[in-house]
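Participant: What follows is the residue order along each chain.
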Amino acid sequence: MTDLEEHIRRTLLDERRALPAWPDPVSRVRTGMTRRRLRHAGVIAAVTVAVLVVTIPVAVRRTAPQPPVGPSPTPTPTAVAWLDQQAAPDQLGHPRLPDPRPTARPCTADDLSPTATVADEGAASGTRFYTLQLTNVSDTTCTLEGSADLIATNTTTGRRGTLETRREELGFGDQQEFPATVAPREVAMLSVRTGSGCDGGLNMITYRNVVLVLPFHRYELTGLVLETSCLVGLSNWFRFVEFLSTPPRFGDLRAEIEAPATVRAGGILDYVVTLRSIGSPVVLDPCPGYSQMLFKSGGNYALNCAVTVIPPEGVRFAIRLAVADYTPLGPQVLMWDLLDDDGTRVSATSTVEVTSSESG
Amino acid sequence: MARWDAPPAFDEYVRSRHTDLLRYAHVLSGDPHLAADLVQDALERAGLHWRRIRRQDDPEGYLRRIIVNRYVSRWRALRRERLVADLPEVVAPAGAEPDAMWTLLATLPRQQRAVLVLRFYEDLSEAQIAEVLGCSIGTVKSNSSRALAKLRALSTVDGVL
Chain A
1 MTDLEEHIRR TLLDERRALP AWPDPVSRVR TGMTRRRLRH AGVIAAVTVA
51 VLVVTIPVAV RRTAPQPPVG PSPTPTPTAV AWLDQQAAPD QLGHPRLPDP
101 RPTARPCTAD DLSPTATVAD EGAASGTRFY TLQLTNVSDT TCTLEGSADL
151 IATNTTTGRR GTLETRREEL GFGDQQEFPA TVAPREVAML SVRTGSGCDG
201 GLNMITYRNV VLVLPFHRYE LTGLVLETSC LVGLSNWFRF VEFLSTPPRF
251 GDLRAEIEAP ATVRAGGILD YVVTLRSIGS PVVLDPCPGY SQMLFKSGGN
301 YALNCAVTVI PPEGVRFAIR LAVADYTPLG PQVLMWDLLD DDGTRVSATS
351 TVEVTSSESG
Chain B
1 MARWDAPPAF DEYVRSRHTD LLRYAHVLSG DPHLAADLVQ DALERAGLHW
51 RRIRRQDDPE GYLRRIIVNR YVSRWRALRR ERLVADLPEV VAPAGAEPDA
101 MWTLLATLPR QQRAVLVLRF YEDLSEAQIA EVLGCSIGTV KSNSSRALAK
151 LRALSTVDGV L
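As you go down the protein sequences, you meet chains A and B in turn. According to this note's numbering, the first sequence is numbered sequentially starting from 1. According to this note's numbering, the second sequence is numbered sequentially starting from 1.
Isolated chain B, as found in the complex (with noise of 0.2 Å):
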């Protein structure tokens, strides 16, 4: 076998996580047939890799990493390669409130996004933040104050909170 096949601790793998990795990268990009995309990518490069990662790194760590910076990086290819037919959303369950916070988080930049979501859903410190994102604690804490002060003034018009 050649040394780039993944082994069949691989396909568990995908099998088992693609569905988290899904939910997150949707969380992240607020549009489903992005974080398939996204997961995609993610997913086809950890295989080709798959020992390495194995044996240095922990995968869900990596996969993440991967998918939060090919999504703020805007990948070029990634923008070639969505789909352009109307995708069914996930449906909200019947009676569920208007997702308005879901709607405002739509109008941060990337990087914003990408902050609040690694610090609220991933509970990531801004230090670890800045770690994945490549970035200084500094350009973590501005992009997360402005992405809150613009969250609190567009929810106070909006009344949201």
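Chain A on its own, in the form it takes in the complex (with noise of 0.2 Å):
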């Protein structure tokens, strides 16, 4: 190893290059999760307050700003206490997933329509997905298990050849079910990926004339072009899986914070949330988790239900935040979500000013 190399290894290995722990990690690496799976269901349109109040038919509203304070408020004696407990995961408000259907026979060329279709799914940041289907035209269900080989022309040597690619989990993440055991007249799916992010994007390859084989048959891919600098990621043939229906608990319910104007960072954010219900009192049961959040602090938690009945005019519940001591100074969006069982949320949003924890 030349000293060049040494220095950069022991530059590399220096411990200063350690980062702080997280303070809570779990909660904060569960709360992305419960945003990504509820992003992939289709029902979260977005973060910020005007496409919240845009996309959520719930009441929004933010309070009148109040003067600043000292240290964080108790809540009023008549609001539920608060509960120091996180949220069970079946009180996280998933869609859900059916079971997983049995494989069946091995699918065969008389089983699956004589052309597959291409999907182009999009493309972001230099890489492509496309999804190619083929449909079960029998009468019975069948199982399509692995990959696919693909064959192509490199346009720019002209060589013809099976494609090298790589295995990957690619497509629809938790709606995806491996095998493909596809009843009648549902579609068996494979994903392909490209990418332009290898070898600085400047060796790009594109491939024509690509066929799909199958041992059993093979079919041309028409109009089907790929661009890479990657090798293409394939994954195995799957099927896309529905969230199972299931009516929201909670469309009748409301949702209003009353906060503080201000916290400090690394403080303790105390406020309420009051829920109502514009209808019929709505009963919290089984006892629904909900989620806060103030920039990166906050998590998920079981609601307090010693009051199990919303009735019209409401119920008040204190509610805790731990504020983390890198919140960026300045105002900051404070969002509440009560987790309901199809996915969607009661939501309600405030602007807290996060203090040094050097002032006041």
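No lab work stands behind these hints: they were computed from the structure. There may be inaccurate statements among the hints.
To be verified - No farther apart than 20 Å at their CA atoms in a straight line, the calculated lysine to any residue pairs in the SDA-like style are these:
| no. | chain 1 | residue 1 | chain 2 | residue 2 |
| --- | --- | --- | --- | --- |
| 1 | A | Lys-296 | B | Lys-141 |
| 2 | A | Lys-296 | A | Ala-324 |
| 3 | B | Lys-141 | A | Ala-324 |
| 4 | B | Lys-141 | A | Asp-3 |
| 5 | B | Lys-141 | A | Asn-203 |
| 6 | B | Lys-141 | B | Gln-128 |
| 7 | A | Lys-296 | B | Pro-32 |
| 8 | B | Lys-150 | A | Ala-324 |
| 9 | A | Lys-296 | B | Lys-150 |
Since the model is a prediction, treat every value here as computed from it, not as a measurement.
Join the two chains into one complex using the hints; note that each chain is given alone, in its own frame.
Facilitator: Quick look at the structure:
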């Protein structure tokens, strides 16, 4: 090893590269996972206040600014006490998936549509996804396992052959079921990824006349042109699984936040959420969870269901949030969401000024 | 429990491993804020598929592959979500030498820096690096030689070595 290489190694292994541990890594990650799931389900539009107001038909009221205070105020005695308890998984209002489908007999060429369909799933940051689809045209369920090969022509060299590919997890996240066990008229899917992020994107290769190769049949993928500087990624065959339809439990609920105007970075934010029904009283049984977030502080918690019926006049719940000391100073949006079974949310937001931990 | 609910073992993994992943992402990116976002993104993705990851692969390798590929590909969402505030940088120990090589590494393109990190921090072979980055061994070699040549030239000028 040269002096330069040794110097690089020492620099990279230097203890100064270590970063501080996160205060609550599990809540931080699980909160992000919940957001992803809801995004995947197509029921969360954005995290900005404006988009929330437009896309989610629930009441969002910002309380009038209050005069700056020192310590966070104690909730009024009329509020249901805050419960310092993480939400259980079944309190997070996940959209549900059906039970996995058992595999069936292997699909044959006769079971599948004579041509494959190509869906362009779009591109982002130099990565483009396609979904290759074969429909079960038989009268019985069959299973398509494993992956496939692609044959194509490299337009630069003129060479034609089987593409070197890499197996990847691609596609639709939780809504994929492997292998693809497809009932009549259902579609088996295979995801293809190309990318320009390799080799600086300088050596892009264009493949035309792409053919999908299965052990029992070849399918010409008319019109598909793959442009990539990376190995082409291929998934295994999968079936797209719809979430189970679950009626919302909290469609009649509205939420409002009463929060102090300021909180110190590294301090405790005590605030009150009032839930009201705009229809008949709503019963919180089973007891739901909620998420709260201010910058990157927050998490998913169990609601204190000491009161289980929410009447039109409302019930006030005391809520507490530990504000991370790394929270940027200035106005931050406090978001509070009650998580419903169908993946929707009863939301409220407020703006809180984060002040220096040294102030006051 | 829905099948994509990560089990309690995932929580334990997050608690015990996130600091090492943060360090890896920091070495890779040179940016503590971006490192935090890369690790957050990778852990969220891993958590959603935890059972499959534990069954099929080593979780640590899976996470590190996500982190490096997200870093190299300049994932747009990560850039959008990057913090804009000035978070405190890790403070160098008192009396530490000026970190000239660390500064020089920041001048490299992402792909070249990733190759050096995988080679000298992760101790991967060229073939393993090619596998992680999804490129050819030739690309790894050319990126490595270009990066070293640039660092050699800059460090000579700057008197780092």
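Participant: The structure should be examined with respect to each hint, and the outcome stated for every one.
Facilitator: Evaluation of the provided hints:
1. Lys-296(A) x Lys-141(B): 40 Å, violated
2. Lys-296(A) x Ala-324(A): Roughly 8 Å separates the two Cα atoms, so the pair holds.
3. Lys-141(B) x Ala-324(A): Not satisfied, since the Cα-Cα distance of roughly 43 Å exceeds 20 Å.
4. Lys-141(B) x Asp-3(A): 19 Å, holds
5. Lys-141(B) x Asn-203(A): At roughly 15 Å apart (the allowed maximum being 20 Å), Asn-203(A) and Lys-141(B) satisfy the hint.
6. Lys-141(B) x Gln-128(B): 12 Å, holds
7. Lys-296(A) x Pro-32(B): 15 Å, holds
8. Lys-150(B) x Ala-324(A): Violated - the C-alpha atoms of Ala-324(A) and Lys-150(B) are around 40 Å apart, more than 20 Å.
9. Lys-296(A) x Lys-150(B): 38 Å, violated
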